[in-house]
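Single-letter residue listing:
2 protein chains.
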Amino acid sequence: MIELEIKLMKNILGANDEIAALNRKLFAERGVAVMNLMGSPGSGKTTLLEQTLRRIVGRLRVAVIEGDLFTAKDAERIERAGVDVIQINTAGGCHLDAAMIQRACMSLNLDALDLLIVENVGNLVCPAEFDIGENFKAVVLSITEGDDKPLKYPLIFKESAAVVLNKIDLLEFTNFDLPSARQDLTTLHPTIKIFETSCTRGDGLDDWAAWLIGRTVR
Amino acid sequence: MIELEIKLMKNILGANDEIAALNRKLFAERGVAVMNLMGSPGSGKTTLLEQTLRRIVGRLRVAVIEGDLFTAKDAERIERAGVDVIQINTAGGCHLDAAMIQRACMSLNLDALDLLIVENVGNLVCPAEFDIGENFKAVVLSITEGDDKPLKYPLIFKESAAVVLNKIDLLEFTNFDLPSARQDLTTLHPTIKIFETSCTRGDGLDDWAAWLIGRTVR
Chain H
372 MIELEIKLMK
382 NILGANDEIA
392 ALNRKLFAER
402 GVAVMNLMGS
412 PGSGKTTLLE
422 QTLRRIVGRL
432 RVAVIEGDLF
442 TAKDAERIER
452 AGVDVIQINT
462 AGGCHLDAAM
472 IQRACMSLNL
482 DALDLLIVEN
492 VGNLVCPAEF
502 DIGENFKAVV
512 LSITEGDDKP
522 LKYPLIFKES
532 AAVVLNKIDL
542 LEFTNFDLPS
552 ARQDLTTLHP
562 TIKIFETSCT
572 RGDGLDDWAA
582 WLIGRTVR
Chain U
372 MIELEIKLMK
382 NILGANDEIA
392 ALNRKLFAER
402 GVAVMNLMGS
412 PGSGKTTLLE
422 QTLRRIVGRL
432 RVAVIEGDLF
442 TAKDAERIER
452 AGVDVIQINT
462 AGGCHLDAAM
472 IQRACMSLNL
482 DALDLLIVEN
492 VGNLVCPAEF
502 DIGENFKAVV
512 LSITEGDDKP
522 LKYPLIFKES
532 AAVVLNKIDL
542 LEFTNFDLPS
552 ARQDLTTLHP
562 TIKIFETSCT
572 RGDGLDDWAA
582 WLIGRTVR
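If you read the sequences in order, they're chains H and U. Note that the first sequence covers residues 372 to 589 in the numbering used here. Note that the second sequence covers residues 372 to 589 in the numbering used here.
One chain only, chain H, in its complex shape (with noise of 0.2 angstroms):
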């Protein structure tokens, strides 16, 4: 029964990869960077979104993806900051697929985007095992989660160029320790870039959105 279940896995991540290969042509031909956004229910994704996008409207051309299992919440919160969103209803999928990002693609002129951001489902176990195309990953811990969590969840921080740690502002009140985990993150991910963040705070947002300006490509 495992066995079969993990054939079948590699099937479907075949067929994925071929898409996702078309996908990352067709982003490097129009010009867009592309950040496959990641990482926990509640560790801030959406939230984060909200302030770096107030960082990089009008300095970069960006619309959003916004996956999610059923609702729009997400989709709606990022409509309101001034930019183009498609929603992607996983119907109970736990990641987002390259399939599901290229049919989203058909809706927007890529043509007048410098960035595309995907925001993937609430899950820090199967969107880092789906090439989507996208040309970096980065995904968001939050504090209040535990400092254990990268070497439990080891691949999602190996794939992905840069850490956020996300309600910096709650470390005082939760036993993180935030050395440790910074050093299991580089044992890792030797060149990952990690950032402190706190959306209520400010703290390290603009670092961050600057960051992110120099992944993109023009």
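Derived by calculation from the structure, the hints in this document are not laboratory data. Incorrect hints may appear among the rest.
If several chains are the same, the list does not tell them apart, and a pair holds so long as it fits within one copy or across any two.
[Stated by the list, open to error] Within a straight-line C-alpha distance of at most 25 angstroms, the following computed BS3-like cross-link-like pairs (lysine-lysine) qualify:
| id | residue 1 | residue 2 |
| --- | --- | --- |
| 1 | K529 | K396 |
| 2 | K523 | K564 |
| 3 | K444 | K396 |
| 4 | K564 | K529 |
| 5 | K523 | K444 |
| 6 | K529 | K444 |
Starting from the known structure of chain H, fit chain U onto it as the hints suggest.
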């Protein structure tokens, strides 16, 4: 591609349900109650479990199955609580399935148990889809994850007999709307039992442990 994936998923779920039914029959014959404990990474499942074991060991004969992607960090913590622990590493898999539980139970003396607690992989999506043969499910949602989670991830809350709103001590530092979350939970699942707990301050843990004891069959 997406339709293919759904079809394969149905086959996997069908095979899983058959093994889950065997597990459930075995647990009933041996008089063991089985709880499937789920929640996001960092919601506090393991800490809650440590606090729970302190309150029930000596009153119930308990063992724990710990599901994790790669490490044995959580199992080591639970072992210190003085109960038998079986560690399942899913090697990156995002949920436990019935076959994994079936195999783990071969290393347990079910006749010597009143309660078996299965701590699932940290994930608010996939574990809810896989019946492992448990008698009831419970989900831990930490206050810091946000009050929008029940409507965004409805299946896990519909499937669970109880929800533990954990880290209630951090309520004042967040914008979590407790009455709104309670209303969403009871709209989704009118009979769901709601606990408010803090594993640092101790709130609600005795009530939760008493409920759990009441759910065991003897």
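Evaluated hints:
Only within a single protomer do K529 and K396 lie at most 25 angstroms apart by alpha-carbon distance; the minimum there is 23 angstroms, versus 41 angstroms between protomers. With identical chains, the CA atoms of K523 and K564 are at most 25 angstroms apart within one copy only, with a shortest distance of 19 angstroms there and 30 angstroms across copies. Taking the closest pair of Cα atoms, K444 and K396 never come within 25 angstroms of each other, the shortest separation being 31 angstroms inside a single copy and 41 angstroms across copies. Taking identical chains as interchangeable, the C-alpha atoms of K564 and K529 lie at most 25 angstroms apart only when both belong to the same chain, with a minimum of 11 angstroms there against 38 angstroms between chains.
For a Cα distance limit of 25 angstroms, the shortest separation of K523 from K444 across copies, 8 angstroms, qualifies, whereas the shortest one inside one copy, 29 angstroms, does not. With identical chains, the CA atoms of K529 and K444 are at most 25 angstroms apart between copies only, with a shortest distance of 19 angstroms across copies and 29 angstroms within one.
Of the numbered hints stated above, the single one contradicted by the structure is hint 3.
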